[in-house]
Each structure stands twice: as C-alpha cells, then as structure tokens.
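There are 2 protein chains.
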Amino acid sequence: MSLLSVDAALQILLEQAQSMPRLDIEELTLDAAENRVLAEPLLAQFAMPPWPNSSMDGYAVRSKEVQAGQVLPISQKIFAGHSPEPLSEGTCARIFTGAPLPAGADAVEMQENTEVQADGSVRFLQAVPAAKFVRPKGQEAMPGDKILPAGIRLGPIELAMAASLGTARVKVRRQLRVAVVSTGDELVELGQPLAAGQIYNSNRTLLLQSLKRLNCAVVDMGILPDDIEQTRQRLAELDHVDLLISSGGVSVGEADFLGQVLREEGELDFWKLALKPGKPFTLGRYQGVPVIGLPGNPASSLVTFLILARPYILTRMGVTDPCAQHFSVPVNFAVPVAGVRREFIRVALVDGCAEKLDKQCSGILRSATQAHGLLELPENTTCAVGDHLRFWPFSSLFN
Amino acid sequence: MSLLSVDAALQILLEQAQSMPRLDIEELTLDAAENRVLAEPLLAQFAMPPWPNSSMDGYAVRSKEVQAGQVLPISQKIFAGHSPEPLSEGTCARIFTGAPLPAGADAVEMQENTEVQADGSVRFLQAVPAAKFVRPKGQEAMPGDKILPAGIRLGPIELAMAASLGTARVKVRRQLRVAVVSTGDELVELGQPLAAGQIYNSNRTLLLQSLKRLNCAVVDMGILPDDIEQTRQRLAELDHVDLLISSGGVSVGEADFLGQVLREEGELDFWKLALKPGKPFTLGRYQGVPVIGLPGNPASSLVTFLILARPYILTRMGVTDPCAQHFSVPVNFAVPVAGVRREFIRVALVDGCAEKLDKQCSGILRSATQAHGLLELPENTTCAVGDHLRFWPFSSLFN
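Keeping their order, the protein sequence lines are chains D and W. As numbered in our numbering, residues 1 to 399 make up the first sequence, in order. As numbered in our numbering, residues 1 to 399 make up the second sequence, in order.
In isolation and in its complexed conformation, chain D is listed as follows (with noise of 0.2 Å):
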C-alpha cells in the first residue's frame, strides 16, 4: 500500500468538506458571535464618519480667514457627541476630538498652535489649509460598502468593526456538532485508577480542547472499548451531529473494533499517509455522519488534527480560508538524510530559530508542550543549518 501525500490527503479532505450541505444560518448578537463563522457579508448602511469631524482639540475655521497671526472670537463650543450650530463668518469654534465640524468650517488647528488672549479670543500662530485635521464624511465607509466578507471567523476586530456599523445582531453559520470518542481499552478516564497495562486518556482532552478552540459544539462519548457490540451500539447511539472524530481504534489490526463497524455498516477510506508523526488516518462515514479516525499515539493525533482536520472542520463550519497562518524560519539544526514521509517537527522558537526539541517520537506528548509550534520538513527533502522552513505557530493552528 503507496503512501498518500498530506497535500493529496488535504485536497480529499476539503473536496468532502465542501461537498457536505452548508451549515444552517442563525442571527446572534455581537457578543454571542463571537468566533462564530458570518454567513454573509457585513455592507456599511451609512456613512462612516456620519459627518466630517475633528481628528485634534483645537478650533475649527473657515481656513481661508486664517493667516499667521490671525485673531478670531470663538462663537461656539463644540464636544464630541453634540451637534454644532453653522460657524459664523469671522469665528472659530472652540472643538473636541471626535466632534463633528460646523458647517462652514472646513478645517481645524491643533491648539497646541494657537495662542488664547486675555479677552478669550484665539490667535493662531499659522496658516491653516483647508481639510487640516479634518476627517471627512465617509472616510472609512460609504453605504453599500462591503466591510466584511462572508467566511470569516468573528474576533474581536471583526466584532467591534460591526459594532461601529451599527451592526447589533449578525448572521452566522450555527456550530458545527463534533462528537469525540476515544479507542482502547487501555485507556482509562482521569479519576479512575489504573490498572496494570493502563494509560490516562490524553487524547480527549487535546481533542475537545481543540474543537472548543474552533468554537465547535462537542459532544463527549468517552471511551470505546475494544468490544465489536459496545462499538456498534455507541455508534447508533450518535445523534445530530456532523462529525464524529475518534482517536485509535481504526488500522488493519485484529482489535480495530470501529474500523470493522464502519466497513460492515458504512463507508471507510484508510489511508497510510506521507506524514510523520501520525501515518494512520481514516476518513469514513457513518449513516451519513462523516467521521474522521486519527491516530491513537498523542503526538500523531495532535499533527493530523491539526494539519488535515483542523482544515477540514473549518471548511464544514463555512470559512472560506481554512489555512492556518505559517512562516518561514531559519533552523538551527540539519536533517542530512532525507525522508518519504512529511515531518511535522515540534521547535521552539529561539531569536526566531526553530530549534528541535528532544523526544519526537508519536508517543510522546511533553516535547509539544516544550515547542512554539510545527516545523515542516518536505517528504524526500534534506535541511542544512540555516536553511528556511515553513514554520506553524501554535498560536495559529490552535486559533
């Protein structure tokens, strides 16, 4: 059995994605969209600034009365967030950052430069050009204006742009439903003691963790032992979700328990992939329900949950750009011979050079707690000191 490239597995992965019907529309407050996926795009209904207004304290003017040296009486005083009265020829009026410019006027000074008289007049120290300080009507926005495109994730910044828009309440796509379940029966649930031959179950938690970090609705099923009618009986027992994402449990072994299911009862792909850590991988479908079978090794769920089904989740929650932003960083070490598999290697990052962190193997999880993300080494490529690679922040694949 050839291996399957991790581009060759991703492009499958993102054609059964957006194959898959979208996800409904539902209409949430600013607050309650947060992270969620905007279903259409967000257009300016007004103008933004609404009205031409001041970018400084100071004094708005007509700018072809003012000359260096020029005294005028204020007419007015103008704060932000109060209408203002037209500028009397031969004034100026006294103005706030943020306070909209009174007709008339077509320029502001900073009062940094003028001077104010004994009689409460101003005296400016220049001339003032028009538009100075001014920041005109529509600047950021015209009506119609589209603001934010459909397919984007809502942060904070997305958020309080709406917000600025007047925008209380977004269309959004709903969360996309995960259950989780883990494979074997040498896992045991934290608070339980083990036995002999026993591990603690890691993979739940870095798989939950993860999908709550992609804003998924998770439903939690546990362990699945290593029971071919526990297996089928958990499986029907699945309802309303869009994925099932399980960990272990599907190879070619005797003990490959949920494999065996998928295959008497739905679909099943397993493919052997180009990637290290993590070469098992499975995508299958269960009554319709995609489910994606990663490995059972914590280093190996890690990098395919977050190089092929991170994306692939993404792309059913309805992102347009389901990437996770990468680098180029130098290395500090080489790699001389080179490999037929994709590395995904764990680095810290060290004055900006991705140094290799002890302990690789798909066994091991403590080296990711050590390292700032991925580094990714090409199949068939060898690395020299210094050489660039493309380097994936956790704080990326993880957002």
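Keep in mind that the hints are not guaranteed to be accurate.
To be verified - Straight-line C-alpha distance at most 30 Å; calculated DSS-like pairs for lysine-lysine: (1) LYS272/D - LYS137/D; (2) LYS137/W - LYS279/D; (3) LYS212/W - LYS212/D; (4) LYS272/W - LYS137/D; (5) LYS272/W - LYS356/D; (6) LYS359/D - LYS272/D.
Stated by the list, open to error - Derived DEER-like restraints, expressed as beta-carbon distance ranges: (7) GLU89/W - CYS353/D: 39 to 45 Å; (8) GLY288/W - ASN113/D: 38 to 44 Å; (9) ASN332/W - LEU238/D: 45 to 51 Å; (10) HIS388/W - GLN233/D: 54 to 60 Å; (11) GLU229/W - LEU43/D: 37 to 43 Å; (12) PHE333/W - SER83/D: 37 to 43 Å; (13) ALA195/D - SER88/W: 22 to 28 Å; (14) THR320/D - PRO50/W: 44 to 50 Å; (15) SER88/W - GLY352/D: 53 to 59 Å; (16) PHE333/W - ASP119/D: 19 to 25 Å.
Hints in this document: simulated from the structure, not taken from any laboratory. The beta carbon of each residue, even a glycine, is placed where N, CA and C say it ideally should be.
Since chain D is already given, all that's left is putting chain W on it; use the hints.
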C-alpha cells in the same frame, strides 16, 4: 512634554504589574482550567510510560532467539490495556501498539516483517535487535520530573499533557476581574438610534472580546457620559475588580472627566507615548485599583491594548512570559522618512511579505479587519522594500 518610548512605558507597566499582590490560587478540573495560568509546577507522579510497551502491531520476542528465518510459535496475544504473562522461552507473543511487553521479551518485530505459517507459528524475515519497537518505561517522564512550569497558560496541549499524567485537577490563578468603560457623549450603544454627532461604541466590543480571549472575568460598565458627577458616581460603584480599563476620556482637554476624578481622588500618570497610533495613554489608580486609560480612537485603542495593556494584564494574571510571539518578515513598501514615534502598521501577509493596508489613521478600524497583524517600525527608523521588520500576528496578539 517629551514623548515616552514604548519600551519605557512597557517597563513601567510590567514593574507595576509585578508589584501587585499575586492572584489567589484555586483548584479546577482540567476542562475548567482551559486558558488559566498554572500556579504551581506540574510534576510527574509515576513513570511514563509506566512499563515498556510496543510501538507497533507485531510480535514480542527475546531478541537473542531471533535470526533471519527463525520460526516461533505464538504463546499469548497481548492487546493494549491488558496485562501479559511472562513470555515463555522459544515462543513469541502477538502484541498490539501500546500493549505492555511481557516479562522476558526485549524487542518487537512489526507484522510486515513476518510471515504467519500454516500452523499459526510466525516466521521472522530478519534478525531482531534488542529494544526494537520498544518504548522503554519512563521514556517520556520519570517520577518527580517537572513537566509544566508555573506561569504558563493552559492550552489544549498542556491540558492533554496533564491528563496523561493522571492529573484530574490543577492549581491555577483565579481570573483577573477587569471592568471596561467607554467614555464620551458621542458614544451610543448598539440597538439605540444615533443622534446628530453620535457614533456607535465599538471599543466596548473590542475590549470585552479581547479580554475574554485572555480569560479575564469582564465587568461591562457601559458608556460613561461626559459629566463629572456621573463619572464620580460610577467609579464609586466599582466593586471587587482588579483593573479598570477605559477607552477615551483621559486627556488634557476640557472634556476629560475621568482624568479629573482620578487626579482629585486617585492617582494619574498621563503619558504622551512615542507610539503611532496611540499617543495618549493613562496609568492611574482609584481606591487601590489600577486604571489603564486607552485612547478613544479605535485603531489607537487596538494598538495600545495589544502592545501595552495585554502584557500588563498577562503579568497580573501570573504569566511568566507575557510577550506575544512575533516574526521577522520582509516588507514590500518603503518608509523613506523616519518618524519620532514607533509605528505599528496594519499589514496583510502576501506570500510571506508584509503589505501595508490603505488608511492607517487612528480613527479607522476597517484596515485592521483586512490585516493579519501589526508590523513594528521602530522610532527614528526608515525602511526600504525587502527590509525585514518585526511582525506581530493577530493570532498571537489575541491569544
């Protein structure tokens, strides 16, 4: 009044944060501890793995018994999670990934390098060296190893690591309670109609959402009108918060009511920062509660929050390294004239190269919605096309 450098401002802020009492410690389940700050180092209580185990599906053997062509009968089958009998001499054990090695065995051969004979015994195609495909006991951690240091934030990987150690509850710092207020008569909350001269409050959304990303407990104090009595009263209502963040309202202007109350009844340092956008910045104190006053313009609020308030807040939360991850990237534009203020430019990354977005003024948020992060141009510095500058991804700054 001379400008205060960003570095000097950050140093003052971090020193103040470090001088405050540490937040109390509470013990939470792993699920509840997501994105909390670990208060005590997490130590391994037992060896991980607790016993040597197989990293492959295959056959456990005594390595010295196996030469190329050797045939051995299978004396037991060991699934993961089950406890094996000692390996009888002259036999092999069918073993699955993660299952404990039986006593006596010192190596595993993967099934692909074997042939099952007609009588069920196994023929080994090659010699098997000792330790092959065996994960030794304690490979990941030994009892007492410090696995996670205090002062880190608990993300999916750290929580999964804690789970693998059998740690059901962790000691973390309590949430920092932050009150957020926006000041100015020009501001209107979402859902209300705009009167002449008014705009919608976007900083509330920006700050609340940003603080939630940091896992602060946020108190929304809404909009503070430009009125000295109401300002006094609302400040007096502050209850059990660790920090007050305001946007707008603190300047040297006549409409500076929050600043006036702080000067009268608390403390106030007003800085003019060598920072663009974001010159005016306040650090104050009211009845023992630190007050950070951000400028009111949305881009200035954004930059001062991310560059100055965020590391202050993380330090208050107990985070050891509050600096966001940044990268060196090439730029595709020139800045021929150096400025006296350090500039944080909203840029998009296109093929790894920073492109400056249109409309960088402090009143405009729209360009930030199109940006991937902030590019730092130091004060008194020019840049040419192809130069490398420090880039701060939003995925890291909002992490």
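Results for each hint:
For a cut-off of 30 Å, the pair hint linking LYS272/D to LYS137/D is broken: about 59 Å separates their Cα positions. For the hint linking LYS137/W to LYS279/D, the alpha-carbon distance of about 24 Å falls within 30 Å, and the restraint holds. The hinted pair formed by LYS212/W and LYS212/D meets the criterion: a straight-line CA distance of about 14 Å does not exceed 30 Å. For the given pair, LYS272/W sits about 28 Å from LYS137/D by alpha-carbon distance, which is consistent with the 30 Å threshold.
Distance hint between LYS272/W and LYS356/D is unfulfilled; the C-alpha atoms sit about 43 Å from each other, more than 30 Å. Straight-line distance between C-alpha atoms of LYS359/D and LYS272/D comes to about 23 Å, which keeps the hinted pair within the 30 Å bound. Take GLU89/W and CYS353/D: their Cβ atoms lie about 52 Å apart, and the range 39 to 45 Å is violated. Evaluation of the 38 to 44 Å hint for GLY288/W and ASN113/D yields a pass: the beta carbon distance comes to about 40 Å.
Our hint of 45 to 51 Å for ASN332/W and LEU238/D holds, since their Cβ atoms are close to 50 Å apart. One distance hint, 54 to 60 Å for the beta-carbon pair HIS388/W and GLN233/D, holds here, with the actual separation near 58 Å. A hinted range of 37 to 43 Å for the beta carbons of GLU229/W and LEU43/D is consistent with their spacing of about 40 Å. Checked against the hint of 37 to 43 Å, the C-beta distance between PHE333/W and SER83/D comes to roughly 40 Å, which is consistent with it.
Under the hint 22 to 28 Å, the C-beta atoms of ALA195/D and SER88/W, about 23 Å apart, fit the expected range. As the Cβ distance of THR320/D to PRO50/W is approximately 46 Å, the hint placing it in 44 to 50 Å holds. For SER88/W and GLY352/D, the Cβ-Cβ distance of about 56 Å falls inside the hinted range of 53 to 59 Å, so the restraint holds. In this structure, PHE333/W and ASP119/D break the distance hint of 19 to 25 Å, their C-beta atoms being roughly 49 Å apart.
Hint compliance for this structure: hints 1, 5, 7, 16 are not met, and every other hint is.
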